[in-house]
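Q: Below, each chain spelled out in residue letters.
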Amino acid sequence: MAAADPLVVVDDLNIVYRVFGSRADRGTAATAFLRILRRQHRPSVREVHAIRGVSFVANRGDAVGVIGRNGSGKSTLLRAIAGLLPPESGAVYTTGHASLLGVNAALLDDLTGERNVVVCGLAMGMTPREVKERYQGIVDFSGVGDFINLPMNAYSTGMGSRLRFAIASARSHDVLLIDEALVTGDAEFRVKSRQRIEELRAQAGTVFIVAHSMAQIEETCNCVIWLEKGKIVQAGDDVPGIIDAYLAATGGQPLNRGNAKN
Amino acid sequence: MWAAAARLWLPPRPGRGSPAGRPRSAGPPVPHRLAAVSEPTRVKGARTLSGPGDGPAVPSSPAAQGLLPDEPLTELAARHGLTPSSARPGPVIYLKQLWQRRHFVLAFATARNIAMYSEARLGQVWQILTPLLNAAVYFLIFGVILDTRRGVPNFIAFLVTGIFIFNFTQRSFIIASRVINDTRELIRALHFPRACLPLGYIVIELQQMLISMVVLIVIVLATGEPITWYWLMVLPAIALQTLFNVGVGFILARIGAGVEDVSQLIPFIVRTWMYASGVMFFIPALSTLYLHAKLSYLMQINPAAVYIALVRNSLLTSLRHTVAGYRPYNRQLCAAGLHQQAHGVLHPALLNSCHLVVGNSSLWLYGVGWAIAAIVIGYLFFWQAEVTYGRG
Chain A
20 MAAADPLVVV DDLNIVYRVF GSRADRGTAA TAFLRILRRQ HRPSVREVHA IRGVSFVANR
80 GDAVGVIGRN GSGKSTLLRA IAGLLPPESG AVYTTGHASL LGVNAALLDD LTGERNVVVC
140 GLAMGMTPRE VKERYQGIVD FSGVGDFINL PMNAYSTGMG SRLRFAIASA RSHDVLLIDE
200 ALVTGDAEFR VKSRQRIEEL RAQAGTVFIV AHSMAQIEET CNCVIWLEKG KIVQAGDDVP
260 GIIDAYLAAT GGQPLNRGNA KN
Chain S
4 MWAAAARLWL PPRPGRGSPA GRPRSAGPPV PHRLAAVSEP TRVKGARTLS GPGDGPAVPS
64 SPAAQGLLPD EPLTELAARH GLTPSSARPG PVIYLKQLWQ RRHFVLAFAT ARNIAMYSEA
124 RLGQVWQILT PLLNAAVYFL IFGVILDTRR GVPNFIAFLV TGIFIFNFTQ RSFIIASRVI
184 NDTRELIRAL HFPRACLPLG YIVIELQQML ISMVVLIVIV LATGEPITWY WLMVLPAIAL
244 QTLFNVGVGF ILARIGAGVE DVSQLIPFIV RTWMYASGVM FFIPALSTLY LHAKLSYLMQ
304 INPAAVYIAL VRNSLLTSLR HTVAGYRPYN RQLCAAGLHQ QAHGVLHPAL LNSCHLVVGN
364 SSLWLYGVGW AIAAIVIGYL FFWQAEVTYG RG
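Sequence lines, in order, name chains A and S. Taking our numbering, I'd label the letters of the first sequence as residues 20 to 281. Taking our numbering, I'd label the letters of the second sequence as residues 4 to 395.
Be aware that one or more of the hints could be misleading.
Said to hold, decoys possible - A short, non-exhaustive set of chain A residues, derived as facing chain S with CB atoms under 7 Å:
id, residue
1, Ala110
2, Thr114
3, Leu130
4, Val137
Treat the hints as calculated values from the structure; they're not laboratory data. Just so it is clear, CB atoms sit at the ideal spot from N, CA and C, and this is done for glycine as well.
All chains should be modelled from the sequences, with the hints used to inform the complete structure.
A: Quick look at the structure:
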């Protein structure tokens, strides 16, 4: 049974990261030199214990929604799964590469969309030939049209995230992590991206989605993890149940599912 | 099929109107394996999208069995061939991965190089203007005002070679110490060997350097140097220098990623280094060093001085013929030459009868040695911290 095929195993994960507080104290070369001479530490380093003992298993073909308040550790969890944050203790086991797609993952903002497609495709490990073959497909999917020849900093937020999603999903990933990257797309793109996520799941990958839109989670995901202050409050494949509990706990409006379901 | 194991597990209450504000942070941490509980509610059929093989009742399902406390998650992961996501590949595999991304390194470098001047009105012209202006400024200060041309027959070409070659190392170091912080977003977005980034940035500097080499060759020809076969030796010299820059660049990239202060300090250090490397003077001709052969030796074998000297000796025939050791050693001639030189009169025919302090062949040996040492140590040092680069 394919279901017994775990793709992501998170084992008692703890993540602590250090934040260099305000950028204001960056100072000049001279003050930096003085600080080293005096053996002072940077005044503004803070440690944040973002994930506290999270464990779960996700199988091939799962689309996992991660919900929680701002600062509950959702994005950190995704970054840990992607292997971008080394765990303080515990471990994340996965196969192949996990690709993280974030809303603020500015790729190379001062370059044209065209070059971003090429450079990022190569960075993901495609050969120049593969990039050439898939280039048109990526551009068509993103729907940015003529803007592909303009620098990405001229894009609207929605266009940028569409292109990023198009690039990241061009390659089949074992694990694709989507961090609020689909929020800014318009209705048409949401449909397209949902289809693409379905395709990725059908290719027996696992997709993780962080979103604040409960409706989007419910229509895309088959399991949900509810995080609060770095710990799992509830997790499971009873998606509407957990979403309702979450909405009730956070004082949100209950989701109006109406009769539209099924 | 999917199951959750949480330290703090609360029985999910499906349906609307579940109790709000449950105590979520109560209770001491429980070892996760004891808390690994499969969802009792999954039979309620609440899945919106059924995964492949939606099993019947959970307690009897093999998938749920796999998550029962008697199997530690580490073993489950090992059984399915899963590896830690932040694991670091071995140095050889890492090298292979790096080789696979060679197209990325080149595309990244080219794209950055184009973007660098895209805001300037003169655009790519700056690639040639920058080295020219640099050369002009240094010539004004050191050639005209301070007049450090002692012992050098063709000072303009000598100076410009030194500046361009040193500039390559200088810029490589400064940019490498910043590379991880500058490209943090890319690091967080995509998975690739991080060594691609310092490599890409140094490839940019190499491209700029090759453009300045064209300018340099025009200047060298204009100042009356002949074209000789020796010129070809410039290529291995620059190749060695590039290896050295990449190696040290790796080291600086790792240090700079952890301590941002380093990138502020590097310009100071590099500038000091420039004055010790004979960019604007000829170290063997420095009168203050005549009695300190060891110090002169140390200055001449420092990597920057080595690569500068290699390129100069290849390009500048006039300098090559002046260098000590060009003719067989002759004590009297040499002493006469040094005496005259101390009084500011350059006499190549006498000076080249002196013993060489560091000859051309030892320069090549040092050049190779520095390059290999830097690239091996730098590569291993950078690779060691591979998984930490996106952090913070």
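Q: Of the numbered hints stated previously, which ones are contradicted by the structure, given in increasing order?
A: Those not satisfied: there are none.
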